[in-house]
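There are 2 protein chains.
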Amino acid sequence: MSLDLAAVRALDASDPLRAFRDRFDLPDGVIYMDGNSLGPLPRTARAALTRAVDDEWGRGLIRSWNDAGWIDAPRRVGDRIAGLIGASPGEVVVADSTSVNLFKLAAAAVGARPGRRVILTEAGNFPTDLYIAQGLAAVLPAVQVRAVPADEIAAHLGPDVALLQLSHVHYKSARRHDMAALTTAAQAAGALTLWDLSHSAGAIEVDLNGCNADLAVGCGYKFLNGGPGAPAFLFVAARHQARLVSPLAGWMGHAAPFDFVDEYRPAPGVERFLCGTPSILALTALEAGVEIAAAVDAQALAAKAKRLIGLFITEVEARCPTLTLASPRHGPRGSHVSFAHPEGYRIMRALIARGLIGDFREPDILRFGITPLYLGYEDVWRAAQLIQQVLDAEAWRDESVRQAGRVT
Amino acid sequence: MSLDLAAVRALDASDPLRAFRDRFDLPDGVIYMDGNSLGPLPRTARAALTRAVDDEWGRGLIRSWNDAGWIDAPRRVGDRIAGLIGASPGEVVVADSTSVNLFKLAAAAVGARPGRRVILTEAGNFPTDLYIAQGLAAVLPAVQVRAVPADEIAAHLGPDVALLQLSHVHYKSARRHDMAALTTAAQAAGALTLWDLSHSAGAIEVDLNGCNADLAVGCGYKFLNGGPGAPAFLFVAARHQARLVSPLAGWMGHAAPFDFVDEYRPAPGVERFLCGTPSILALTALEAGVEIAAAVDAQALAAKAKRLIGLFITEVEARCPTLTLASPRHGPRGSHVSFAHPEGYRIMRALIARGLIGDFREPDILRFGITPLYLGYEDVWRAAQLIQQVLDAEAWRDESVRQAGRVT
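Residue numbers (my numbering), protein chains in the order written: chain C, 272 to 679; chain D, 272 to 679.
Do not take every clue at face value.
[Said to hold, decoys possible] Listed below are the simulated DMTMM-like cross-link pairs for lysine to aspartate or glutamate, each with C-alpha atoms no more than 25 Å apart in a straight line: (1) D:K443 x C:D478; (2) C:K443 x D:D530; (3) D:K443 x D:D422; (4) D:K443 x C:D530.
[Said to hold, decoys possible] Here are the computed distance ranges between Cβ atoms for each label pair: (5) C:Q656 x D:A513: 47 to 53 Å; (6) D:D530 x C:D449: 26 to 32 Å; (7) D:D533 x C:D325: 44 to 50 Å; (8) D:N337 x C:D669: 38 to 44 Å; (9) C:D325 x D:P592: 39 to 45 Å; (10) C:R625 x D:N480: 46 to 52 Å.
[To be verified] Here are a few chain D residues that face chain C, going by a calculated C-beta distance under 8 Å: (11) G382; (12) Y402; (13) V410; (14) P518.
Hints in this document: simulated from the structure, not taken from any laboratory. Keep in mind that this is a model prediction, so the values were computed, not measured. We put the beta carbon where it would ideally sit given N, CA and C, even for glycine.
In isolation and in its complexed conformation, chain C is listed as follows (with noise of 0.2 Å):
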């Protein structure tokens, strides 16, 4: 059942995307399996930022606004990252958060449904997903948050429902929802969807074209590799832009924002859902990330995802018996794979301090990102010995348990 090293390593030789590793800065002695969380450091992010800094803001001042594009910025990145979830170029755009832009597109959406009071979604969805929804109708009192058990979802799509919000892969469960089922089934309904692509971008094929899929928002630092906190990208299919209006009529989202003029008019397009200025320091590093997963073969890195995942499993189920799978074993799925065991967070933290970095999720899960682009088939092997390790060692004892405030 498990292999040994020269196998692995046998298969790393044959990895067609085995060079796509050289192009992140990964620190000696650490097994990445966080990247879900915030991917790691680009190289060419390194040379993109100093350029930045020092060309552009430094020596061009507030002429790089129009020189270096810096203006056309949101909608060039939106563009490149357009191409990886299947969507045409001018459906998206770089913009704040994914919080905020999951405001944006709900408000807007259920404007575009009078009658109509449901924003239907997920219970345990990511919780800036529901928060957003709360808060969203905490101010529009004539709309309601129905947070059902994933396979309850279709037979809630009745005819006040404004809404189908949900993340296309589970942030810790990593089972992935099928976009396009849902999407017709709420279609059929009368409402509009919104997916979160945050665990998907990047990381597993999404088309949300093929899907005929109205609006959707992701994350940009984690499987996009676009730095701590990095901007957020929305979608909003070309059939809806000139009906859908943001409710954060911010000037970037105007139609003419150095006209000045004291009255609010969209622009024609999806830059419309842009609200105040962007970051562009941000956006440079989430620049840089973005073009490796535009270089990437895209069924290259799915076929390799399931290798990975399947030795990983595989190998930490041989070694680790106490450990429980917390993930689909096969697809659909996202690109984390999810373990729990009552003493989660202290595991996670020995093994941490022992160089492999996951995370942990409330209450028991400890969690480790698959990704492709820079993790082998002998890091995930290593990883699930380490694992074993620490579990049979029961090196965990010596963590402490969890603080409140701190990221897990």
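Following the hints, put chain D in place on chain C, whose structure we already have.
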């Protein structure tokens, strides 16, 4: 009337703030008078960004949320900004953009004043201030935006006003509102106040708590020198924090974001106005700019600004009779000077081509930022000479007219 070169050099030689110029990396051959739009590069920002990229992101990876203090950055930098605007620690956080923060606080204020429907603001306010209020009114049908001329504001503070939302310093004219008097009048009428400090923070003395202000927002990339599109800040007076709730209920504003529970529960303090994950690279650059501002004596800054502004107006008026002053000649004012000319756009293009960087604002305004941290008396004296040369030679006739879509 006009000073000679020896006289302005004597002023520079005795300038107690002269050393601050060396903290910025300004290009040779440029007189930079657009710090009111984008502040220049602090030399410390480069090293701080290198550390954030190489050490924190590259080496520390996800661990840096705790180990490098990323999770505390919005509050840490907010507390430093608090010291610049007369706020107390715990009343300011860095988050999102000015536009997004305007939405959060305007919506929270309207929610706290049930039965009152009006957001009162100034006609000709900075566009995003108007647009955000209009966008809020579009989704909250009970809310109305009333934009009136500056001298009619007090008369409109009736029993229907929920919020008085004003820019402290006008982006075009530099005219400064009397924050204390208008806050008192608004509160006497039962309204809350929301001050946009974008053209104030880092430029002039601001005393939010001395004025008993309720709410404020401000920009990071102008006089705080935080880099292009730097994150913005927001202020909520301590007395309001438990009562006001952000409509943008993102996970970073949750009382316990890493508990990952399904129900939103706002953080007890000003952190409830955080939303999504902040850009750490953008925050890093902003912190470098804010540290410089925090090191300056506010009274020395104000004294030098007054002298620079006086010198610039005197020199330009003496040399350029076709320009009309479009700013207050004396206080109360902000830290930029505007002149009107029908060919303002082309004149500014000609000035920029000659190394004097200001900007243009519709319909006819040449705008010059007076930033005592890095501008000296000789700079503004030479700037006036350059303006005279361009006007006397009509050199602007070689410049093209304004192009749509370009930042001006």
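Evaluation of the provided hints:
Distance check on the hinted pair: K443 (chain D) and D478 (chain C) sit about 46 Å apart at the alpha-carbon level, beyond 25 Å; violated. For the hint linking K443 (chain C) to D530 (chain D), the alpha-carbon distance of about 13 Å falls within 25 Å, and the restraint holds. Only pairs whose Cα atoms come within 25 Å are accepted, and K443 (chain D) paired with D422 (chain D) is accepted, the gap being roughly 17 Å. Between K443 (chain D) and D530 (chain C) the CA atoms are separated by roughly 13 Å; this keeps the pair inside 25 Å, and the hint holds.
For Q656 (chain C) and A513 (chain D), the hinted distance range of 47 to 53 Å is satisfied, since their beta carbons lie about 51 Å from each other. Remark: the range hint 26 to 32 Å for D530 (chain D) to D449 (chain C) is upheld by a beta-carbon distance near 30 Å. The hint said 44 to 50 Å for the Cβ distance between D533 (chain D) and D325 (chain C), and at roughly 46 Å that hint holds. Here the CB-CB span from N337 (chain D) to D669 (chain C) is close to 18 Å, at odds with the stated 38 to 44 Å.
A hinted range of 39 to 45 Å for the beta carbons of D325 (chain C) and P592 (chain D) is consistent with their spacing of about 41 Å. Restraint check, R625 (chain C) to N480 (chain D): a C-beta distance of roughly 49 Å satisfies the suggested window 46 to 52 Å. Interface restraint check: G382 (chain D) against chain C, minimum CB-CB distance 7 Å, threshold 8 Å, status holds. For Y402 (chain D), the shortest C-beta to C-beta distance to chain C is roughly 4 Å, which falls under 8 Å, so the interface hint holds.
Residue-level restraint check for V410 (chain D) holds (minimum Cβ-Cβ distance to chain C is 4 Å; threshold 8 Å). For P518 (chain D), the suggested interface contact is upheld, since its CB lies about 4 Å from the closest CB of chain C, less than 8 Å.
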